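Trainee: The residues making up each chain are set out below.
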Amino acid sequence: MSFDEIKELLLARFGNDVIIGEERNGLQPALLIRTESIADVCLELRDNPSTYFDLLNCLSGIDYGTEANKFGVVYHLTSIPYHLSITLKVSVENNRDELHLPAVPTIAHVYATADWHEREAYDLVGIYFEGHPDLRRILLPDDWEGYPLRKDYIAAEYYKGIKIDYPVESNNPAEKITYKTPFQPNPKYTEALKRYEQKIADAAVEDMVLNMGPQHPSTHGVLRLELITDGEIVKELIPHMGYLHRCFEKHAESLTYQQTIPFTDRMDYLSSMTNAHAWVMGVERMLGIDQDIPKRIEYIRVLVSELNRISSHLIAIGTYGIDIGAFTPFLWCFRDREHIMGMLEWASGSRMLYNYIWVGGLFYDLPVGFEERCREFVDYFKPKMAELNQLLTDNQIFISRTANVGILPLDVAINYGCTGPVLRGSGLRYDLRRIDGYSVYPELDFEVPIGKGAMGTTGDCWDRYKVRVDEIEQSLYIIEQCLDRLQKELKRTPDFDPRAKLPRKLTPKAQDYYFRAEGSKGELGYYFIHNNERSEVPFRVKARGPSYNNLSVVPAITKGVMIADVIAIIGSIDFVLGEVDR
Amino acid sequence: MELIDLLIKIALIIVIFVISLVVAMYSTYAERKIAAFFQDRVGPNRAGPWGILQPLADGGKMFLKEEIIPTNATGFLFIVGPSLAILTACIGSAVIPWGQNLEIGGRVIPLQVTDINVGILYIFGVVSLGVYGIMIGGWASNNKYSLLGAIRAASQNISYEISMGLSIIALLMVTGTLSLGEIAKQQHGFWADGYFSWNVFKQPLGFLLFIVCAFAETNRSPFDLPECETELVGGYHTEYSSMKLGFYLFAEYINMFISSAVMATLYFGGYNFPFMDLIHSPNLVAILGVVALFIKIFMFIFFFMWVRWTLPRFRYDQLMDLGWKTLIPLAIANIVLTGIFMTFFK
Numbered sequence: 003m004s005f006d007e008i009k010e011l012l013l014a015r016f017g018n019d020v021i022i023g024e025e026r027n028g029l030q031p032a033l034l035i036r037t038e039s040i041a042d043v044c045l046e047l048r049d050n051p052s053t054y055f056d057l058l059n060c061l062s063g064i065d066y067g068t069e070a071n072k073f074g075v076v077y078h079l080t081s082i083p084y085h086l087s088i089t090l091k092v093s094v095e096n097n098r099d100e101l102h103l104p105a106v107p108t109i110a111h112v113y114a115t116a117d118w119h120e121r122e123a124y125d126l127v128g129i130y131f132e133g134h135p136d137l138r139r140i141l142l143p144d145d146w147e148g149y150p151l152r153k154d155y156i157a158a159e160y161y162k163g164i165k166i167d168y169p170v171e172s173n174n175p176a177e178k179i180t181y182k183t184p185f186q187p188n189p190k191y192t193e194a195l196k197r198y199e200q201k202i203a204d205a206a207v208e209d210m211v212l213n214m215g216p217q218h219p220s221t222h223g224v225l226r227l228e229l230i231t232d233g234e235i236v237k238e239l240i241p242h243m244g245y246l247h248r249c250f251e252k253h254a255e256s257l258t259y260q261q262t263i264p265f266t267d268r269m270d271y272l273s274s275m276t277n278a279h280a281w282v283m284g285v286e287r288m289l290g291i292d293q294d295i296p297k298r299i300e301y302i303r304v305l306v307s308e309l310n311r312i313s314s315h316l317i318a319i320g321t322y323g324i325d326i327g328a329f330t331p332f333l334w335c336f337r338d339r340e341h342i343m344g345m346l347e348w349a350s351g352s353r354m355l356y357n358y359i360w361v362g363g364l365f366y367d368l369p370v371g372f373e374e375r376c377r378e379f380v381d382y383f384k385p386k387m388a389e390l391n392q393l394l395t396d397n398q399i400f401i402s403r404t405a406n407v408g409i410l411p412l413d414v415a416i417n418y419g420c421t422g423p424v425l426r427g428s429g430l431r432y433d434l435r436r437i438d439g440y441s442v443y444p445e446l447d448f449e450v451p452i453g454k455g456a457m458g459t460t461g462d463c464w465d466r467y468k469v470r471v472d473e474i475e476q477s478l479y480i481i482e483q484c485l486d487r488l489q490k491e492l493k494r495t496p497d498f499d500p501r502a503k504l505p506r507k508l509t510p511k512a513q514d515y516y517f518r519a520e521g522s523k524g525e526l527g528y529y530f531i532h533n534n535e536r537s538e539v540p541f542r543v544k545a546r547g548p549s550y551n552n553l554s555v556v557p558a559i560t561k562g563v564m565i566a567d568v569i570a571i572i573g574s575i576d577f578v579l580g581e582v583d584r
Numbered sequence: 081m082e083l084i085d086l087l088i089k090i091a092l093i094i095v096i097f098v099i100s101l102v103v104a105m106y107s108t109y110a111e112r113k114i115a116a117f118f119q120d121r122v123g124p125n126r127a128g129p130w131g132i133l134q135p136l137a138d139g140g141k142m143f144l145k146e147e148i149i150p151t152n153a154t155g156f157l158f159i160v161g162p163s164l165a166i167l168t169a170c171i172g173s174a175v176i177p178w179g180q181n182l183e184i185g186g187r188v189i190p191l192q193v194t195d196i197n198v199g200i201l202y203i204f205g206v207v208s209l210g211v212y213g214i215m216i217g218g219w220a221s222n223n224k225y226s227l228l229g230a231i232r233a234a235s236q237n238i239s240y241e242i243s244m245g246l247s248i249i250a251l252l253m254v255t256g257t258l259s260l261g262e263i264a265k266q267q268h269g270f271w272a273d274g275y276f277s278w279n280v281f282k283q284p285l286g287f288l289l290f291i292v293c294a295f296a297e298t299n300r301s302p303f304d305l306p307e308c309e310t311e312l313v314g315g316y317h318t319e320y321s322s323m324k325l326g327f328y329l330f331a332e333y334i335n336m337f338i339s340s341a342v343m344a345t346l347y348f349g350g351y352n353f354p355f356m357d358l359i360h361s362p363n364l365v366a367i368l369g370v371v372a373l374f375i376k377i378f379m380f381i382f383f384f385m386w387v388r389w390t391l392p393r394f395r396y397d398q399l400m401d402l403g404w405k406t407l408i409p410l411a412i413a414n415i416v417l418t419g420i421f422m423t424f425f426k
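Chains as they are written, first to last, in this note's numbering: chain A, 3 to 584; chain B, 81 to 426.
Any given hint could turn out to be false.
Stated by the list, open to error - Computed cross-link-like contacts, BS3-like style, restricted to lysine-lysine with a CA-CA straight-line distance of at most 25 Å:
hint : chain 1 : residue 1 : chain 2 : residue 2
1    : A       : Lys182    : A       : Lys237
2    : A       : Lys237    : B       : Lys224
3    : B       : Lys89     : A       : Lys201
4    : A       : Lys201    : A       : Lys190
5    : A       : Lys190    : A       : Lys72
6    : A       : Lys182    : A       : Lys72
7    : A       : Lys297    : A       : Lys162
8    : A       : Lys561    : A       : Lys237
9    : B       : Lys224    : A       : Lys561
Hints listed in this document are in silico derivations from the structure and should not be mistaken for laboratory results.
On a predicted model such as this, the values are computed, not experimentally measured, just so you know.
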């Protein structure tokens, strides 16, 4: 179904005034929807048998600048059955009065993903979503003042006695820094916070409120899970995050595309290569140079990304072993990961945060001998993987701890925007490397492993774990194919320069572009808004971290389980807090 | 009792006490080296040659660390907890026969502190007391994780004591005595009357049940739920620091040593070893017997560690299921089978 047909469908269903405009100038056409109808439009697009837009990829809140005084929300929808994507936009005029935020109807009842994305938009851009069930701040502290991604945002000097801003001292009185003055928020916007506080207070009387994290051995970082438990049975789980919020989107608004690459490394710091790969491909497509990249560079990018995917999955598997109580697999995984880190360090100069893939090329060609060493690693690693499977995957206690635990049905997974191994564990063969076929993946042969419920029910923790184990094997297969090409027809030549195609200036045309790629945790998306033809700096960037969406499903599948199962479930989701909090 | 006998007893008690502490100390070292071996690592190798001074360094560290008693903890019970844990761990060794009697200068020196006629019941009593240290410590910490750990410890120990007791009953039917000294004596040599003399060959199922329960009673993996790090941070000892934490950890290793000694005595012939009748010097037999017992003990300790670094942990309800729905019925079946066997084949 084409863009125009979808438009016709909506006009026929809701009348002529539902679409107030369209944008066709960029790579991705967008429909401008009347603000009040957005929830109905989404519901129709989701449930109509000819569209089935069942996955909300990304929801971005946008401040269009102080001159426009306009706020907007952009929805990226995907139809998994029809392989369709569409962009919807709504916008609201607002005079930036903090007591009256721009209001947009919520779509959290249509897509459960929207729940957290809307909270984020409220938190960072200050858009109020009417009818949202729990509109609290999500990344910033509850009592933070102001909305940092607004273009007129002024930081307060102190937050609870902690100095926020360290400006360069200036003698010029005209450059005197003004700070935000405290204000009382509109009580309407703190209702959800009061409801939440009341809920915890009530629970503390009858049940036990157990704070798991942010310093807890199994939350894989600084995640705080607030558990309301009845003895060992969990009644409700409320995640709190933001402890690792490093303002990625704010940084990206003030740095050029090339300068932001090191920041993408720090999102999912366990698979930095895939993060940078996705970012670079997005920028290259906006610049229109994605077809000019030499094949050798593309193959090297895929090679290092897949190596990084293996190392990321090794951590997922190893730490999952620890979560279940098996310590030894963890160290085996780290031992093997060390070889990958050594190789990537050899190529890029850094062990975790590589900054290796650049827009239009690479930081440097692979070092001489890399291909041979990589092949040695593949040969070494395959038997190690078999050994690991004997120790952990087929262990009866491990199976009884993970099979039939934390079952994530496919419809719930899609509705919550789960992607990557979590979605595949629920039995859907959905891998963007295959679906979108970006880079040189169409030329490579690999399978997309899915959960089959071999030990219990499809979508249980064991399936999610097993998908990762199988993906490691597939990645090894991809690596072997890349090495074959890199050692034969794409062999290094003396005059090969991986920086030859680097653009002098990274100035794309003014456009919106959402690019998505398969990170090791799932769909990693970047939504770029570029509106100044002469600038190298994007107007707004929204990063859609797969971990953020995958984590949002945890409260839904932990009702009524035991405390030990909570650990098994969050371990099987495999999130990285660097990407959740960005 | 003569004074000299009293002095010999006191010396024996001190020797056994010191040996249990040293074995427990070096169990921590062995655990780390064995874990390192399983995990392709080197393990501790900084303190002394091959790191053999590591336990001393750890002990020194434990003593010198800051001692923290949380404001909301119950001060007195907070101290009683680890003290009780280490106390009950140490007194279990009193009834274990470490070897045959030594004869020095015409005086018979028994290598057993006391051979009370209800030795097994004494061991059971001590083991049951052991859980109080954990419960009191976990409760007095006033921490939710500690409390959950203490509750888990209590229910786990109570459940597994039952199947442990039932598996022992079948053994008692075979031996006909509660005295550990007597049981060790009955397993003389390795082969007697056309069959193996060690009890493990007479009670294979009973031994299997006993060793599973021993893992649970010592809170060792895969039954280490009371302190399970990934769920309960530190379990019952979350709030403990310095030597009080050291006592808890140390008690676990002493318990492991004592339960290995009990298993070796009850099922693996204690101080008996094959071909011991070929040696005619009784003192040499006694000394070799002690060596044999310690070899058996170290094998068990190695087995404890081997399991810990191989298997994942059970979930709380699975642990209870295993205890109540599998081990207890099996133990009862073992008693019935033993009875049938004894009635018809003896």
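Trainee: If a hint holds in the structure, say so; if it doesn't, say that too.
Mentor: Checked hints:
1. Only pairs whose Cα atoms come within 25 Å are accepted, and Lys182/A paired with Lys237/A is rejected, the gap being roughly 41 Å.
2. Between Lys237/A and Lys224/B, the direct Cα distance comes to roughly 16 Å. Compliance with the 25 Å bound is thereby established for this hinted pair.
3. The suggested pairing of Lys89/B with Lys201/A is violated, with an alpha-carbon distance near 64 Å, which exceeds 25 Å.
4. Between the alpha carbons of Lys201/A and Lys190/A the distance comes to roughly 18 Å, so the proposed pair stays at or under 25 Å and holds.
5. The hinted pair formed by Lys190/A and Lys72/A meets the criterion: a straight-line CA distance of about 21 Å does not exceed 25 Å.
6. A distance of roughly 22 Å separates the Cα atoms of Lys182/A and Lys72/A; the hinted pair therefore holds under the 25 Å criterion.
7. At roughly 53 Å between alpha-carbon atoms, Lys297/A and Lys162/A are farther apart than 25 Å, so this suggested pair is violated.
8. Between Lys561/A and Lys237/A, the direct Cα distance comes to roughly 5 Å. Compliance with the 25 Å bound is thereby established for this hinted pair.
9. Only pairs whose Cα atoms come within 25 Å are accepted, and Lys224/B paired with Lys561/A is accepted, the gap being roughly 20 Å.
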